Amino acid sequence: MLAHFSKRLGMTLLVALLAITINFLIPRAMPGDPIEQQLSQLSASSGGNIGDIQAMVQSYRERFGLDKPLWRQYLNYLADVIRGDFGFSLVNYPERVSDVILAGLPWTLALLGASTLISFAIGTLLGGVLAWPGCQPWVKVVGVPVILLSAVPYFILGIVLMFVFALTYPVLPVAGGYSFGFMPAWNWATAVQVAHHAVLPALSIILASIGSWAIAMRGMVISIRGEDYIMLAEAKGLSARRIFFTYGLRNAMLPQLTHLALTLSHIVSGAILVEVIFAYPGIGYRLYQAIHAKDYFVIQGIVLLLSVSIAFTMLVLDLVYPMIDPRIKSTKPS
Amino acid sequence: MSHAPTRLLRILRLLGKEPLLTAGVGLLVLIALFALLGPFVVNVDLAQIGAAMPRQRPSAQYLLGTDVQGRDILATLVLATPQTLKIGFFAGVMGLGLGTTLGLLAGYFRGWTDTVIRTIADVVMTIPGIAVLVLVATNVRSMTVALMAVIVAGLAWMYPTRTIRAQTLSMRERPYVDIARLNGVGGMQLVFTEIFPNLLPYIAASFVTAVSSAMLATIGLEALGLGPQNELTLGMMIFWAQYYGAILRNLWWWWVPPVAMMALIFIGLLMTSTGMDRLVNRRLRVES
Amino acid sequence: MRQASHPGKDKFGGALLEVRDLHVEFATPSGAARAVNGVSFTLQQGMRLGLVGESGSGKSTAVLALMQLIKAPGRISGGRAFLAGDDLLAMTAEQMRQARFSRIALIPQGAMNSLNPVLSVCAQIDDLLTAHGEKTDPGKRRQHVADLLHRVGLPESVADQYPHQLSGGMKQRVCIAMAIALSPQVIIADEPTSALDVIVQKQVMQTLIHAQEEVGAGIILVGHDMGLMAQFAHVVGVMYAGRLVEIAPVHEIFSNPRHPYTRMLISSLPTFTTRKVFRGIPGVAPSIINPTTGCPFHPRCPSAVDRCAVDVPAEEFVAQDHQVRCHFAREGVPTSAIGAAVD
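Residue numbers (our numbering), protein chains in the order written: chain V, 1 to 334; chain C, 1 to 288; chain E, 1 to 343.
Possibly wrong hints are sitting among the right ones.
To be verified - Here are the simulated DSSO-like cross-link-like pairs (lysine-lysine), alpha carbons at most 27 Å apart as the crow flies:
1) 17(C) <-> 71(E)
2) 140(E) <-> 140(V)
3) 68(V) <-> 294(V)
4) 140(V) <-> 17(C)
To be verified - Just so you have them, the derived chain V footprint on chain E, three or more residues with Cβ under 8 Å:
5) 109-123
6) 126-136
The hints are simulated quantities; they were obtained by calculation from the structure and are not laboratory data.
Quick caveat, the model's predicted, so the values are computed rather than measured.
No residue lacks a Cβ here, since even glycine has one placed at the ideal position from N, Cα and C.
Chain V on its own, in the form it takes in the complex (with noise of 0.2 Å):
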């Protein structure tokens, strides 16, 4: 048992160094320098001459390393990323990257978390009832469309939804997390704001993500149906509600858990999207705003984030699989 953690902590700690890697190689292996460019753009936008260009350029290099040879430059960032400094941000200097990762990250996580949490329990329970027999017909006639709509990226449902629901019909907010001009605090009226702010990117998260969630499901649902143990369970005389959840859902749980972690990824690109769509303040949106200003250190740092969080998170999940299957925690008949 702690050799197999040991195994897959390795593992993760192995994807960070690969994911702090690739995030430190890339933007250097690219042309173009993007000290350089930033301060061509400021000196072009402000018309022209500021002066030595190469001299400011020049120091800035010094004031990030960046006139280090390479390997010393990726050992002095690898100590910076594990003390979590990830640098300052380009545009809006002197923020730290930290503030800025850290500004946006409640948001996406509220969002997020609450979100698949929900798409999960609801895709679920959806695929299961479909795979079983005696499913309703309502359930078919709801569940086929819901399905189709995972097909869709989540940000298009995002767009449509708002277009429906923030500009024909108002009854929920265009973006942002809380209204222009209002000033967040701890308190009920701060809550109320969030949440409303947070029913459209939610649900263009939840709605266009149940379907893969019942598509797994009713799959491997399916397959357990025709498992001995449901024949006898069946044949005692249990209850249907007792022999589809608990003799069918959890033996089917494990897979849809594996399932989640594969996905994993894929869910929070779509995530960021929502939010670009949104204005919603979390990371994603911040990303996207770096994009646009060319703040590099902004970008890497975040993009680090996501790759670090999700390895952890697999982690994490591959540490609550023994608990709902017991036959990976023990070793031998007895």
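Following the hints, put chains C and E in place on chain V, whose structure we already have.
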């Protein structure tokens, strides 16, 4: 050559058995036809900037209206659809090619090859695709359709690798492979003559998945503004529409057509891949 | 062949289960397959009835039908099954659900896979108890579970284990524990020992008998092992192609088999005393979709004559409690082409 027509006939009959598959493929064929024949039917000059009056609602003259720069939306759609399909198709092919090769190698030779390939695939799958793509895309000086296809293919190979690897692992234990091996057929040749033909259905299914994920990645990048700025694709249409505030300004005819077209493409791909899944996995077909 | 001592017929209680003319059909693209084609028998209290036959003979299907466990595309197309006066086949779904395991229980064929992998043994026996209304507190139920495990020779610690931690024999015994938990009137054991080795087989069968004697139930033992039947059954029924072709008390059927198929089954059993060439039964099991006319066994029967291909043999009494479906039941087979010594 008497095999070819009967093979084709068998495939067609197989398609007929699974209505979902037929519907999906049919939808995709229709879209492809639209993309191919569109330019001959619609006047594509109208897709130039300033070709028409801007911000016009749909009318008899401009069936889908015009955008803020005076382009006819229908003409734009006709030009953008094939571009998007091209990116998806080529990225899918590249991803599939890479994925199948890696999967075959990992599954057949096992041992170190397998461990290495599998670890790389797992690691890459962990990193959120959009993040890596964003990183690469932001550093590219100017994006083109071809370049997008290559970048996006980098995301499309993992799932085929897994699938093909799993199938190869199970197939290499089958008796006919053993017999071929006993007959002295060597490694690579074995892979291509014995295992590969039986993988075709899985390869076909993986192709659809690869194209799907490639298109998803493409559209994601384009919506973020990292797509080919000077070329027309469906994702760029949506990006421009959002950039110019089409949604807020109620220019619905600008963003609805590309959104609808994309939705249709994705739904077609989903139906095709689910249909293929069911065909390959007989029990699912019987059960519903 | 050692035969266990059996009580005479009078030692059994009254008639418990009366199956009359059971028919089960499966709808196939090529027509209806008659898996069970007019099977009738009576099970008495304390009796162990063995149903033998090759794969596809319909024996499992017949007993599963008694618990209404036949799933589409199969359906019960006719017959009655009276358990202490109530027709099992006519019960509503809810009535049948209540009757399952409380009045008629099943020990399934593949105990390997018949237990839920994610539930402990205790949980699985417990949900049987609660499903049938045992409302006592968990502590008492746990005691009941431990009790049941003891009765089948398992230690209480098994209750907290999971199926994958148990050996095949232990899993089978857990299934037996479940089968006797509610003291049912009839226990159906569907090839309970097929996957087990001989020693474990004997242990399991003895557990089963012991349990039966405690509870006073009747057992229907389904299997294809004539040797096992000889040791454990009181009455043996032979099934072929969905029909019951011979049924008799065990010593009668082994000493005086009247149906050619039964004879061939018995003669294919190895013995310590006789050295001979063992013949299998040539031919293959018949198709139940397009049954042949006449006697279903005639294509493989070494003593078949023209009449056999035309007329379906009816049930005939050869002796008290001994029924046979063969045109030559009474007068005996015309030629002894079977040529086997019978104990």
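Verification of the hints:
Between residue 17(C) and residue 71(E) the alpha-carbon distance is near 25 Å, which keeps this suggested pair within the 27 Å criterion. With a CA separation close to 43 Å, the supplied pair residue 140(E) and residue 140(V) exceeds the 27 Å bound. At most 27 Å may separate the alpha-carbon atoms for a hinted pair to count; residue 68(V) and residue 294(V) meet this at roughly 23 Å. Pair hint residue 140(V) plus residue 17(C) holds up; C-alpha atoms about 21 Å apart against a cutoff of 27 Å.
Closer than 8 Å: that is the beta-carbon criterion, and the region 109-123 of chain E has 11 residues meeting it against chain V, so the requirement of 3 holds. Coverage of the region 126-136 of chain E by chain V holds in this model, with 4 residues showing a Cβ closer than 8 Å to a Cβ of that chain against a need of three.
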